[in-house]
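Trainee: I would like the entire structure built from these sequences, with the hints used as guidance.
Number of protein chains: 2
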Amino acid sequence: MEQKVMNQTIMSALEKFNELDEKISHFNSILGLLSWDQKVISPKKGRSIFANANGTLRTEAFKLTVSEEMGEALSTLSTPEAEEYLDEAVKAKIRERLKFYNRSKSIPAAMIKDFSVLTSRANDAWEEARENNDFEKYLPFLEKIIEFKKKAVEIYGYENHPYDALLDEFEPGLTVEKLDPLFVKLRESSADLLRRIQESSYKPSVEIFEQPYPIEKQKDFNRYILPLIGFDMEAGRLDETVHPFAQPVNTRDVRITTRYLENNVRSAIFGTIHEAGHGIYEQNINPEFQDTVLQEGASFGIHESQSRFLENMVGRSEEFWKYFYPKLQEHFPEQLGKVALDDFYRATNAVQPSFIRVEADELTYNLHIMVRYEIEKALIAGEIEAKDLPGIWNAKMNDYLGIAPSTDSEGVLQDIHWSFGGLGYFPSYSLGNLYAAQILNKIKKDLPDFYESIEQGNFSVIQDWLKENIHQYGMLYTPNELIVKATGEELNADYLVQYLEEKYSKIYKL
Amino acid sequence: MEQKVMNQTIMSALEKFNELDEKISHFNSILGLLSWDQKVISPKKGRSIFANANGTLRTEAFKLTVSEEMGEALSTLSTPEAEEYLDEAVKAKIRERLKFYNRSKSIPAAMIKDFSVLTSRANDAWEEARENNDFEKYLPFLEKIIEFKKKAVEIYGYENHPYDALLDEFEPGLTVEKLDPLFVKLRESSADLLRRIQESSYKPSVEIFEQPYPIEKQKDFNRYILPLIGFDMEAGRLDETVHPFAQPVNTRDVRITTRYLENNVRSAIFGTIHEAGHGIYEQNINPEFQDTVLQEGASFGIHESQSRFLENMVGRSEEFWKYFYPKLQEHFPEQLGKVALDDFYRATNAVQPSFIRVEADELTYNLHIMVRYEIEKALIAGEIEAKDLPGIWNAKMNDYLGIAPSTDSEGVLQDIHWSFGGLGYFPSYSLGNLYAAQILNKIKKDLPDFYESIEQGNFSVIQDWLKENIHQYGMLYTPNELIVKATGEELNADYLVQYLEEKYSKIYKL
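Protein chains in written order, with our numbering: chain A, 1006 to 1515; chain B, 1006 to 1515.
Just so you know, nobody snuck in bad clues.
Lysine to aspartate or glutamate pairs mimicking DMTMM-like chemistry, simulated, CA-CA at most 25 Å apart: (1) A/Lys1224 <-> B/Glu1221; (2) A/Lys1050 <-> B/Asp1237; (3) B/Lys1044 <-> A/Asp1244; (4) B/Lys1068 <-> A/Glu1024; (5) A/Lys1050 <-> B/Asp1469; (6) B/Lys1068 <-> A/Glu1027; (7) A/Lys1049 <-> B/Asp1244; (8) B/Lys1028 <-> A/Asp1119; (9) B/Lys1224 <-> A/Glu1245; (10) B/Lys1049 <-> A/Asp1244; (11) B/Lys1050 <-> A/Glu1473; (12) A/Lys1068 <-> B/Glu1073; (13) B/Lys1049 <-> A/Glu1245; (14) B/Lys1050 <-> A/Glu1239; (15) A/Lys1050 <-> B/Glu1293.
What the simulated footprint calls covered on chain B by chain A, stretch by stretch (three residues with Cβ under 8 Å from a Cβ of chain A suffice, anywhere in the stretch; the number is not a length): (16) 1040-1053; (17) 1237-1244.
Just so you know, these hints were derived from the structure itself, not from any lab.
Values in this document were obtained by computation on a predicted structure and should not be read as measured data.
C-beta atoms are modelled at their ideal positions from N, C-alpha and C, and glycine is treated no differently.
Mentor: Below, the structure written as structure tokens:
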């Protein structure tokens, strides 16, 4: 009898939970579409008006996330008694909704509203400051944002380092304690590799990229490769924006963007492949997770691993271009007709320290992240102050990359992330590279013909592996569970270090 | 003291009402965008999944419309005591919300759900039936839809004719009693004019349209004229769909579509001008009505008057082509280089009875509507039965247009409207023509240089008049109030009859 009553309570809590979870997921799907629409195709005069409608729906979704009903259902369902009755997927849904609930519920509504106003103003101030190279104008906003984040981490709580509370938002379960050794190893080996590369006299010539590539031809080429590498064009779109991005609406409607620059043919090609990596991930999530909290990728880092894997491990490999280079030459006979494949391949992998993260090569990119990671950690721990950032930034750039920008616009002001409060976000980019290299190591073992497949343009065998081991799971597993399940071990920096060493040793004859 | 208490109650009801009205309007704005997205650009595999998310938001908006809170606020605010405190706009908002509330509240939720399932299936059945010329397959669905509509009109209530309850949904306040004399006059005079046109030996030659017009050039021309005739391209978009339509998202984001057929250059041009008429209306609604129930056009008929006015009264006028024809010739030198303006103008206004409504000319179009109006009225009144429709359809076509289709696909099965339950909708099209002609009569009085302005490509003076007298008001006035305010008199068929008589007398030398 006791047992039966229990069942009843759990069942009705579960029903309520599923109803709320579906509604929030529907609203998030719509919000995804709206965000894409406003960035990609909405007429500009309507945007500020539409922001109000958008805000109403966002608020509605947020209210459901932290509603009393949700709290009650979660509290009933997260007892050990209830867990006996729940399958893996339901437990994962509860885990994720509970995380959102606790995190959002903990911050007072007034604080959230103030922060929303602050970040909106901070974004304008940042844009202006970057344009005018005027850090002082941005400083008061940045200070307030850091102050808010410091308060927030105290509310969220953490065990060792306050930055853990921020990391957890983007990479659930990750801590400074786990991340520091990985990043130190990556940073030190990358800095050493960079030094050796700079000393090499066997350098690729990047002059082949310093000529105009007609944009219409670039579009043709990008639209040609996109379905071949695994992106389903009937379950997605490719559009153009200044800042490329991927936006899922649902698993059969995933929209990516790229940008075409006449004087930089690499930008569109690798931008498209990168966003395709994000897109293919979303397109292959288990359809049963559709309209639940599990319908998205496992974390920012795991997501980034899929885009980086396709962009770098696949798209910047010699075998990739063995297959695609003749087609690229057909598109650009004047520019590349007389350029040998090897020269082209080496040029696409040229390493050159530069000031701007988003333009960095595969090796120095991680060093850009290390600058930001060290700074964010120290800011949150109160070890440094925002007003000293320009100097600290330049010193770290000099330290890690051997160059320092002459303006703050090319330095500390270059990224949008802090202005929207995204502290804790940057590590995801390098985590993505670490995950990707570890996945590469495993996939090469499982598919000994990995590079031969690429050379033959057979990407489906690779996409099948990724779907089987990563994509299908959506948010079912935590990032750590997922990488252990997929590769048999916890995240380890050795694979990326080794991959970079091997790749550049060959390209630069080290 | 009593007075003060009253004030307090009204004030809080008003506050609640405005909050709900804004939220519903925001949701409707989003639903408009979603509908556009799914029709125009969404990847096809994602649509059936997205329909669930869309349905969740639609249900949410509907629930608010008929919520207890809304009912209470409306009941407090629609008392004579309250009305003393309310301005014209608030009263109009209450009028509109009360209409939605009463109409939606009156139909039981189960009935609405059943009807939604029915129309979804009916639409599939209709598509199949039209494709296979199989009326019998569609008949059971049509019978159920009519049965539902008959029940609904009894619930909605009506004074004289049951069809009044359906008319009211599309043209608030309109009745069979008012409409019959207008339509009879229009029908009889149109049939007579058609007879005389067919007897004329001075016929325009439409052969100039029976040749290919390259689609890229058509696009250029359409994009060229659109901003010139008053459509703000920064507050809207032009896209392509098989069935052109206009969709407002908000007053600064109005999206229209057109279609390009290589063998029918008129289709895109007049389709674009027609939809631009709808779009310009929405773009010029008072921004203060944004995010309220008043943010849209006054009725289907008034909306159609704006599209028809621009398409026919302006776009098919001789003066319009005096201005634009040289540019059109530039776009199509091979096709039109040797065709005189007068021959082109007459050809665009050629009258030819045909089976398909959407392809009909300006004169016979209304006769197509009369066929549908007479049938709908008789169906709802129980004077005819659905199973007899093919024969009735053909007889009426013969009666009004002098031709009868040889297949039901070209006859009674051609329109989508009945399959979604849109009985009462068709009259809006001819109402639009009637309103448009009455507006033309008034605008020519107010702007004696009306046709000279068109000839000089000066459309702003005309759009300013329309904005001042029609567009700005959104839903502030009922259609009848609006036409009286704009033209000084109630709707009258004489203006359209006279306009058609004058126009075709000249073109066909009657």
